[in-house]
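Novice: Below are the chains, spelled out letter by letter.
2 protein chains.
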Amino acid sequence: MIKGFPFLLVDIPKCEQNIAFMVQKATKAKVLLRPHFKTHQSLAVGELFRKQGVNRITVSSVAMAEYFAAGGWNDITIAFPFVPQMVQRVNALALGVDLNVTFSSSQNLLATIDRVESKVGVFVEVDVGHGRSGVAVENTRELALMVNLISSKPNLVFKGFLTHAGHSYSARSREEVDKLHSEALSKLAKLRSFWVDQFPDLAISYGDTPTCSVSDEFWGISEIRPGNFVFYDVMQYQIGSCTTSQVALALICPVVDVYPGKQKIIVHGGAIHLSKDRVEIDGADCYGFVCRFDGKGWSNPIPNAMVTSLSQEHGVISYSGNDLDGIKPGDLLAILPVHSCLAVDCMGQMFDSEGNTYDVLPKNKR
Amino acid sequence: MIKGFPFLLVDIPKCEQNIAFMVQKATKAKVLLRPHFKTHQSLAVGELFRKQGVNRITVSSVAMAEYFAAGGWNDITIAFPFVPQMVQRVNALALGVDLNVTFSSSQNLLATIDRVESKVGVFVEVDVGHGRSGVAVENTRELALMVNLISSKPNLVFKGFLTHAGHSYSARSREEVDKLHSEALSKLAKLRSFWVDQFPDLAISYGDTPTCSVSDEFWGISEIRPGNFVFYDVMQYQIGSCTTSQVALALICPVVDVYPGKQKIIVHGGAIHLSKDRVEIDGADCYGFVCRFDGKGWSNPIPNAMVTSLSQEHGVISYSGNDLDGIKPGDLLAILPVHSCLAVDCMGQMFDSEGNTYDVLPKNKR
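Sequences listed follow chains A and B, in order. Residues in the first sequence are numbered consecutively from 1, following the numbering used here. Residues in the second sequence are numbered consecutively from 1001, following the numbering used here.
Hints in this document: simulated from the structure, not taken from any laboratory. Note that this is a predicted model, so its numbers are computed, not measured. Mixed in with the good hints there might be a few duds.
[As the list claims (entries may be wrong)] Where chain A lies over chain B, by a calculated footprint (3+ residues, C-beta under 8 Å): (1) 1280-1289; (2) 1344-1354.
[Said to hold, decoys possible] Using 35 Å as the maximum straight-line C-alpha spacing, the simulated DSBU-like pairs for lysine-lysine come out as follows: (3) A:Lys-14 / B:Lys-1363; (4) B:Lys-1153 / A:Lys-187; (5) A:Lys-3 / A:Lys-30; (6) A:Lys-264 / B:Lys-1264; (7) A:Lys-262 / B:Lys-1153; (8) A:Lys-3 / B:Lys-1051; (9) A:Lys-187 / B:Lys-1187; (10) A:Lys-328 / B:Lys-1296; (11) B:Lys-1328 / A:Lys-363; (12) A:Lys-365 / B:Lys-1153; (13) A:Lys-262 / B:Lys-1296; (14) A:Lys-363 / B:Lys-1153; (15) A:Lys-264 / A:Lys-30; (16) A:Lys-14 / A:Lys-3; (17) A:Lys-363 / B:Lys-1264; (18) B:Lys-1179 / B:Lys-1153; (19) B:Lys-1190 / B:Lys-1264; (20) B:Lys-1264 / B:Lys-1030; (21) A:Lys-3 / B:Lys-1179; (22) B:Lys-1365 / A:Lys-296; (23) A:Lys-179 / B:Lys-1296.
All residues carry an ideal CB built from backbone N, CA and C; glycine is no exception.
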């Protein structure tokens, strides 16, 4: 039951369409879809995937793996580098489910490997251009060192290489996404051909929401791990991954005050609801698009209106033109978040248009 | 008990000192201290205030008011504009505690006033320069309209005027804070003198962490409402409100990877832990200062090192010099957050150095 405002409204039919789109794409491209569940962190949203045949998932923390394992998911990859602080919980969890872990360097491998007691699948993270973490895909010596170390442990099953082409998030057109996608595939194909004789079942795990939304070709790839696409958001719209009508999540905010002279509206909806993630639009910070709300669903974004500033509980909408004339305190507006993963994490729960609750991994279970 | 990493460590003796500093300042200036509890959202941290004689508090939402009321606080101001969506819960809550609400315009007053049934104290929000919400302090006609409306309702007790000089957050020196503080006091003194004959008990409620930390004079002010000072953070340090040694909160993060060639370190500590709030330092985005951690407490910040990028779970530390030589995966670093209010909201719980838990208002109670 919806208790208070603002609240996060999820459009379930849109989610189902977004999932179907990616399931069909994976089927057609003959890659496994192992969606990243860090976006929704929700067993109830997970069920929407299960209904469409998804049975392998990706998460970004041990706590998230525990949560989904308790909800019946039994093939889980933790796509975050494995550090010693996680060992105890990974050892326990891997007794009950097929668990894959990730190492991003020989250093974090060496720091942890001797303390892993359960049987786990192991991915080695490679960097295809993002520059955040993972071994440079060309660094054969470091990769060989890691693969040999993993192979020397009977309880570690080397699965293959995993990458996150996170630099796709700085793309601002489908063409840019396509270009870096082709470059990544080409690098991964070389990597695969180097290792596939020794490991015929070698997995190449790849794919974020921009590349998986825009591209249809995944030659040489075994599985894709997009996450955000289930909801999409303003950032993905700006990248070119989706239309605004595919965005399946909005924060429903009471209007607090209207200042027509300044062309500003204050809503109850701030940094603890939307997060402070932002995109730049026409040189200004944007924290969300603004839609009308009819009590069940939301309209297309109102042109020339966006959230331009957030404090803890306040959101400031700036607009031009007269589309927001007549809005008054107590009315409700729907804000499309810039980054749906963070909005879900901020809000901790979602509701659908029937008032059903979609719980999220609680903060104190992490 | 600390379950996982990263976790939020609170330095209780520092909190107690920060509280004592503000209690003494308020006593000396003969103003009431009504601290803003939106920073910690925690009954256990609230007890630290109670021990030092604080018995009136400020919150930023009805949910927060309910949470603290259930914990025994019985004089609470909701310093966020009252909208119709809050009426039912306010009516119920005001039956059990002394509750003050805030209106920021005649429009939100008119939208709500007829539905308020319980006895509540009422503040009118004025704007002394921040430009976010509230009636311009000079707009006597609008203020008179609101005061008359409030006074016409027997269950509404007009308390006075409330302001948030949030533009102090854009100050970057104690001198700048002092200057805007003096301007605000001067405007509020005029407001007070206009109304005090009609309302001899008129309250002027003022004060954010920058002005209350930096300034000692509060002539004409009845009560101050700073909140952040209990923890402080990198933003307050940059404003000039505190030293880094007064910061009482740090995120304890496992080191994931080290890239000495790039002078970068990856930690487990991202946007869902620290929030994406940031300050600019030497032209670069800063998401936190970096300290050593000895298992109990943290060092002074390491010079020439800061968190320069965050994704959902990853933090990227950039550094120069050799202070971080020798750090390796599995080591722990302490990150001072840019904005402690948001880091607490992100993490949902804190721990002290003894491993005691400090719970925070759960997300699903909001």
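Novice: Compare the structure with each hint and give your call.
Specialist: Going through the hints against the structure:
{"no.": "1", "hint": "1280-1289", "result": "violated (count 0)"}
{"no.": "2", "hint": "1344-1354", "result": "holds (count 5)"}
{"no.": "3", "hint": "A:Lys-14 / B:Lys-1363", "result": "holds, 25 Å"}
{"no.": "4", "hint": "B:Lys-1153 / A:Lys-187", "result": "violated, 73 Å"}
{"no.": "5", "hint": "A:Lys-3 / A:Lys-30", "result": "violated, 44 Å"}
{"no.": "6", "hint": "A:Lys-264 / B:Lys-1264", "result": "violated, 41 Å"}
{"no.": "7", "hint": "A:Lys-262 / B:Lys-1153", "result": "holds, 31 Å"}
{"no.": "8", "hint": "A:Lys-3 / B:Lys-1051", "result": "holds, 33 Å"}
{"no.": "9", "hint": "A:Lys-187 / B:Lys-1187", "result": "violated, 64 Å"}
{"no.": "10", "hint": "A:Lys-328 / B:Lys-1296", "result": "violated, 51 Å"}
{"no.": "11", "hint": "B:Lys-1328 / A:Lys-363", "result": "holds, 28 Å"}
{"no.": "12", "hint": "A:Lys-365 / B:Lys-1153", "result": "violated, 47 Å"}
{"no.": "13", "hint": "A:Lys-262 / B:Lys-1296", "result": "violated, 50 Å"}
{"no.": "14", "hint": "A:Lys-363 / B:Lys-1153", "result": "violated, 42 Å"}
{"no.": "15", "hint": "A:Lys-264 / A:Lys-30", "result": "violated, 49 Å"}
{"no.": "16", "hint": "A:Lys-14 / A:Lys-3", "result": "holds, 24 Å"}
{"no.": "17", "hint": "A:Lys-363 / B:Lys-1264", "result": "holds, 29 Å"}
{"no.": "18", "hint": "B:Lys-1179 / B:Lys-1153", "result": "violated, 39 Å"}
{"no.": "19", "hint": "B:Lys-1190 / B:Lys-1264", "result": "violated, 54 Å"}
{"no.": "20", "hint": "B:Lys-1264 / B:Lys-1030", "result": "violated, 49 Å"}
{"no.": "21", "hint": "A:Lys-3 / B:Lys-1179", "result": "violated, 43 Å"}
{"no.": "22", "hint": "B:Lys-1365 / A:Lys-296", "result": "holds, 22 Å"}
{"no.": "23", "hint": "A:Lys-179 / B:Lys-1296", "result": "violated, 48 Å"}
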